[in-house]
Amino acid sequence: MIVVNNASGGYDGTKKVNSVSFQAKKGKLTGIIGPNGSGKTTLVKMITGQLPCMEGSITIDGTAISDFSSKELAKIVAVLPQHGENSFDFSVQEVVALGRYPYYKGLLKRATSEDERVVRDVMNITGVAHLASQSIASLSGGERQRVLLAKALAQEPQLLLLDEPTNHLDLSYQVKLMDTLKERVQQHELTVVAILHDLNIASLYCDDILLLHEGKMMAHGTPSEMMQTQVLQDVYRTQLHVQGHPVEAKPLIALAPSTQQNVPNQHESVTMEQKGDHLCMQAPFLYKTLSSALIGEGFSWAHTFINRHVPKNYACSDAKQEFQDYIEQQRYSSDETVGMMTAAFIEDVGVASVNNVTAYVTAGVGNACDASRAWQQPTHAAPGTINMFLFIEGTLTDAAFLQAMMTATEAKSAALRDRGVRDEQAQTLATGTTTDCVSVAATQQGKTIHYAGTATALGKAIGKAVYEALTQSLAHYDQRVGTRS
Amino acid sequence: MPKRSIQTYSKSKWTFSYIAMLLLLAVVAALGISVGSIPIPLFHVIKIIGANVFHLGSLATIDPTESTIVMDIRFPRVLLALLVGGSLSLAGAAFQGLLKNPLADPYTLGVSSGASLGAVSVIFFGIQLPFVGAYTLPIVSIIAGFVTLVGVIVFARLVQRNLTVETVILTGILCSSFLGALISLIIALTGDELRQVIGWLLGSVSMRGWAYVNLIAPFLILGLLLLLASARELNALSFGQQEARHIGVNVKRHTMSVLLGASLLTGAAVAVSGTIGFVGLLIPHMVRMIWGGDHRHLLPLSMIAGGIFLVVMDIVSRLIVAPSELPIGVLTAIIGSPIFAFIFISYRRKKGTS
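Chains A and B supply the protein sequences, listed in that same order. Take the first sequence: its position 446, counted from the start at 1, is 446 in UniProt numbering, and no numbers get skipped. Take the second sequence: its position 269, counted from the start at 1, is 269 in UniProt numbering, and no numbers get skipped.
Hints may contain errors.
Stated by the list, open to error - Here are the simulated EDC-like pairs of lysine to aspartate or glutamate, each with C-alpha atoms no more than 20 Å apart in a straight line:
(1) B/252 to A/67
(2) B/252 to A/72
(3) B/13 to A/89
(4) B/350 to A/143
(5) B/11 to A/116
(6) A/250 to A/225
(7) B/11 to A/114
To be clear, the hints were calculated from the coordinates, so they are not data collected in a lab.
Could you put together the complete structure from these sequences and hints?
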């Protein structure tokens, strides 16, 4: 275990690191983050003993760094530098074998069979064994970095220090390198202290994170404790957003440019057009959208919103792929499109605008259902489908998006209730149909709206717009069904 | 086990390389003794040396003049070329590894000029150190070379902390021209032996005799041992001082012993042969291309190859404008400068792409 206790250090009498204290425990990966000039590299130089502490102490298992001889220290601490400096032609094997230097004994410094075994092992671990006889100069940046990691591991250190190990590496190499490190940490009780520039890499791989700012320790803790929007924004002076990682239980840090790029024209609005068997709602620019649609589910950025009519007997083993092909055929870009399907007739669309909210709703109630009784009914996908598209002017928080969905759903149920739409099986009032879909799209321009419950102006507008549009669509539906029968 | 076979293969590869190089050395040396204004058959050369050095066979059938030419003129001359070439190449390999600089060599770093200034001072002012006798010349050369080297490195570090290739070479050249001017000044002030001095400055191994062989030999051995003792550390240092420190190298001590060893070699070589440029640049570069950068082999192989190279150069310098002789330093500069340019270009290219 390495203990840094109130350590200060720097160059020419000026402190670049100011009373920093932390412990890096065995089997943990500790990350050091901070903006340029925050003292990260100075701190690492102090830990390697290259720079003496002006104040405080740095000890490894109780012994001060300065009390080790250079060879003793090299058996305990290894360093993976930022980028291997160019050198003459050495073979990969020769470079890795350099890591055994502190173990050579005697005047001739001969390598023992143990040295050779370690070199072989670390080359296998880092996946460079097949490169053994190649020249280091002929390798790619990622391969070279792995060779240098092998060299560092050949020192059989207890503590591995890394100075921006993933710098200059492409994405897959970054992840591979960090994966290898993490594995070594977990298996071998190795302690790793790494300077990391990429906050997301730090968040994903570190057990502990140390945030440095102007030589001082701003915070120290687990990634979720450390990655707080406000703290990071203050230290890095950059707009960023922290949210949950989509698949890992770790924070994800998203950067945002501080300048608005090509501000869209606020006066343009969404247009709607029927094109053959689908309705196309076209937004003038990309709207942030939360939807349950087949295409563009979850949060996405979209400017094209498709409501496609399919026959009642539509069946396809891979509906998503089929729909994607359909969208491409219609020459929309499927990445920026929200696409829903319905068996209802798109001619029945109801449209309502209230303040900053516009709702487009198509409704069929052939399969109306009471959500509270749905458990009593057999599962069968019969057509029905109320598809709702909401367009909102304003900047919505994630909470506001979800509340907008709730409000819209409640207004839908109310509209069905007021028109007396019944669940045929349960013989109660229906709350929706079995396959409803909704999308909420916001311009993300202008005022930030934090809530969209029915207590707020936005909530009220959503409720009214949805109610009116759905009622209108149901009226069209009744009309058409009525005239037909 | 495949690993073992690779190892035995590589071990036998090294043995083969050393034997081949030593054989080549012997052949070239014999040629060097044989060729000249009075050609001496190779067979005679072998006989004369066999009889005089190893006391084998007899000289009954050999013309005594031939024997005198071989033993008093040609053999020491070739031996001197071998030792000087070996010393300069060793020094070059050490400088290049230590400074991570493919363009470093005693000549480009200005060490040769420093050593020359020392040697010229000794010759013209008749300086005589106590207790060392004839060794005054190489010792003063070595000290002057070492002081120059330290000066160049300190100055280059003042210019730029991390000692880039270009800064070091530029500083070396600056130093060289300054010291060259000082040498010219000394010569101008002291007299009229201009032609002889310039001949010496241009570098030559001719007409030196056994005395000069004796002057350089001990320093070559000492320098070689000093450098070989730091061969592994040189490997580490060629990745940068910081990296070397990280794997536990005592950087200060080994830097010092490498600088000292290389200065010994350069100073002694300059003292006996003047400034022969580019050998230390060229040879390690070629050796590295064939055998790789491991200093444990690079150093001895460079020494052997440097010896071979300089003997060949000496033969050419004798033949090219016969019956007169070209100073060997002129020849190495003519060949070395374009190769310096080539190494410089390929180094910049490599740096640009990575």
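* Quickly compare the C-alpha distance for residue 11 of chain B and residue 116 of chain A to 20 Å and report which way the hint goes. => holds, 15 Å
* Asked: Is the Cα-Cα distance between residue 252 of chain B and residue 67 of chain A 20 Å or less?
  -> Roughly 18 Å separates the two Cα atoms, so the pair holds.
* Asked: Under the criterion that the straight-line Cα-Cα distance not exceed 20 Å, is the pair residue 13 of chain B, residue 89 of chain A satisfied?
  -> It holds: about 18 Å lies between the C-alpha atoms, which stays within 20 Å.
* Does residue 114 of chain A lie within 20 Å of residue 11 of chain B when you go C-alpha to C-alpha? -> Holds, because 18 Å separates the two Cα atoms, which is no more than 20 Å.
* Hinted pair residue 350 of chain B and residue 143 of chain A, Cα distance within 20 Å -> holds, 17 Å
* Has the given pair, residue 252 of chain B with residue 72 of chain A, been kept, meaning a C-alpha gap of at most 20 Å? -> Answer holds: residue 252 of chain B to residue 72 of chain A is near 17 Å, not above 20 Å.
* Asked: Taken at face value, is the distance from the CA of residue 225 of chain A to the CA of residue 250 of chain A at most 20 Å?
  -> holds, 10 Å
The structure is consistent with each of the numbered hints, conforming to all of them.
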